[in-house]
Amino acid sequence: MTSVAWDRRKLALGRFWSDFRRQRAGMAGLVVLAVAVVLALIAPLFIDENVTSVVTGTGARWAPPSLDEPFGTDESGRSILLMAWWGSRTSLLIGFLAALLSIVIGMVVGIAAGHFRGWAGAALMRVTDWFLVLPSLVTALVLAAILGGSTFTIIVAIGVTTWPSTARLIRAQTLSVEARPYIERSKALGGGHWHITTRHVLPNVAPLLLASTTLEVASAIVTESTLAFLGASANKTSWGTMLRGSYDYGAATEGAWWYILIPGLCILAVVMAFTVAGRALEAVLNPRLRKAGA
Amino acid sequence: MTAPLDAAEPAVQAAGPAGRDEERPSGHGTLRYALSKAGGALFSIAMVIVGTFFVFRLLPGDPVRNLAQGRNMTPAQLDLERHRLGLDKPLIDQFVDFVGATLRLDLGTSYEYKRPVLDLIGERFGPTLLLAGTGLIIAVSLGIWQGTRAGWRRGSRFDRFSTGLSLVLWSVPTFWLGLLLLMVFGVGIGPIPGLFPTRGIESVDAPDGFAYLLDVGMHMVLPCLTLVAVVYAQYLLVMRSSLLEEVGQDYVTTARAKGLRDDEVRRRHAVPNALLPTVTLVFMRIGFVVGGAVTVETIYSWPGLGQLFYEAVRVPDFTLMQGTFMLITVSVIIMNTLADVVYHWLDPRVRSA
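Order-wise, the sequence lines are chains G and U.
Take the first sequence: its position 288, counting from 1, is numbered 288 in full-length UniProt numbering, and each next residue is one higher.
Take the second sequence: its position 314, counting from 1, is numbered 314 in full-length UniProt numbering, and each next residue is one higher.
Calculated from the structure, these hints are not laboratory results.
All the pointers check out, no bait thrown in.
If you want the footprint, here are the derived chain G segments under chain U, 3+ residues with CB under 8 Å:
id	region
1	137-148
2	218-230
3	243-254
4	266-274
Now the stretches of chain U that chain G is said to cover, found in silico as 3 or more residues with beta-carbon under 8 Å:
id	region
5	168-175
6	293-301
7	321-328
From the derived model, a few chain U residues whose C-beta atoms are all more than 10 Å from chain G:
id	residue
8	38
9	76
10	77
11	106
12	130
13	137
14	215
15	256
16	346
For each residue, glycine too, the CB sits at the ideal point set by N, CA and C.
Build out the structure end to end from the sequences listed, making use of the hints.
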C-alpha cells in the first residue's frame, strides 16, 4: 500500500518540479537563495569572526568604496563587505530557525484544531485568534527584552509571535482534507487520530507548508533585522545589527551611504528571493491562483 | 462605501452565495453578534493582562536588581524597595494586586522617568495618533486607488508596475527605508540638500499659529512617508485581488449588459463590493501598523507611544514597557473587534454564512 502511495507522490513531485521550473521569477529567487546560502556556509573557509571585531579593523574610518574595500568601511575601519558576509550567517540562521519553529507550532496547532472537533478544536482556535491579534513586532520585542538577547531567544521570540497565520491556513486545509471519503474509509478500517493526521492529513498539507515556510523565512529575516535595529540583538553581527551601528554612529550625517545601503540591500535581496520563490510555489500548488495570475 | 448601491441592482445580495436577504432589515443579528464579539474581546483583554503579569515575572534574576540596574544598593534598601513594589508578598497576592491596579488604570511608576506610566502614555498618545492616523489615511486611500486601477486593468503596464512595486515595498524592512529617506532627504546626499527635519515633532524655536502647524507638518513628512510606503503595499494587493474576484461575477456582466459605462460599472458596482474585505483588512492588520509606528518613531525621534515603548525596551524600564505593551495590545484588540462587527453589519454575505 505504501509503495503505491509513494510512487504516486514521487510522480507528483516530478510534475511539481517541472511546473515550478516554468515560473521564471520563482527560479530566479531560488538561484539567489542558493547563492546566499552557499556563501553563508562557506564563509568560515575564508574569514572568521575577527572581521567583526572593532580592534582588528584594518581600513581607515568611514572609507568610501574603493578597490581595497569594495563596499567601504564603518566607524572603526571594519570592512562592510566582510561584515555583511559574516553577518549573513546570523541573519539566515535566525531566519531559517525562527521560520521553522513558527511553522512547526502552526502545523501542530492547525492540524490539531482541524482534526479534533468540539471544544478542544474550538479552544485551540481561540488561542490562535488571540495570538493573531497581538501586534507581533511589539510582542517579540518584549519577549526578546525580557529573555535577554541571545540567538536562541530571538528565534523563540519570532517563532512564538508569528505562528497563528500558519495555524489558520493549515486548519482550513485540514478541514477540507478530512471531509474527503477516504478519511472515512480509513476511520472505518480502524485508523486512529495519529494514523489519520500523520498518514493522510500531513502529506496533503505538506505542499502548503512548504510555500508558507518560504514566505515565513522572508518575514522572519525582516523581523530579526528590525529587532536587532531596535536593540534586541543577539550580540552577533547580522545585517540588522550593522544597520543599528550605522544609525548609532550617524552614518547618514557622515555621508557614509555605503554603510546603510549594503546591509539593507542584502536583506532586500534575500527577502525578495524568498518572497518570489514562495509566491511561485503557491502559484504552482494552487491552480486557482495560477488561473488568476495573482 | 460612499457610492450608493443601485436599488434595482441589489449587487451585494446577488453576489452572496446563499442570498438570504430577508434578514437584512433587522439589526437584531448584528447586535447579538456584536455582544458575542465584545465578550470575546473582553476575554482576550483579560488574557493579555494575565499574560503580561506572568511574562514580566519570568524575568531572569531579581526584579529589584533589574530595576536598579547595577546601581549600588544596600540590602536594607533592596528590602525596602521590594516591600514598596509588593514583591515580598506571595505570587497570588501580587497577581491580585496587579489585576486590581490595572483595572483601576494604575499602571505603576516608571523607574526611568519617576512618573506614573499613565501620565507618560497620555502625553505621547497625541503625536502617535497624528502620525499613525495620517499615515493610515494616506496609505488606505492610495492603496485602494492604486489597487482598483491595477485590478480593473489586469495585466496592464500599470498593474505590473504596481504589483512589482508592492512586492519590493513588502520586502523592505521599515527601518531601512526610514534610514534611506533620512539620509537622502533629511541629511542630503550629493547635490540634494537636506529638505526635511529628521528629529522630533517640532523645531526648538517653534513659531506660533499657522507657522507652527507648518513646522509640525514639515517634521511629519519623512516619518509619514516611511510609514505609508511600508503599509500601503498590502492594501494595494488586497484591493487588487478582491476586485479581481468581483470582476468575474454575474452582476458585473449584468451591469455591463445594461449598457453602463465602464467607469460606472467599476465605481458603483464592483468597487463597493471589493472594498469590504480591504477595509476589514485595514483594521485586522492594525497591529502591523503599530509595529511600523514603533520603528518609524524610533528613527525620527517622534515623541509618540512607539518611541516611549522603544525607550522602555532600551533602558530597560520594565514598568513602562509593561504599561505601554498592555495599552498597545488592548487598543489593537479593540480595533479588531470593531472591524469585525462593522464588517458583519455591512456585509450580508458574512451574516448569512
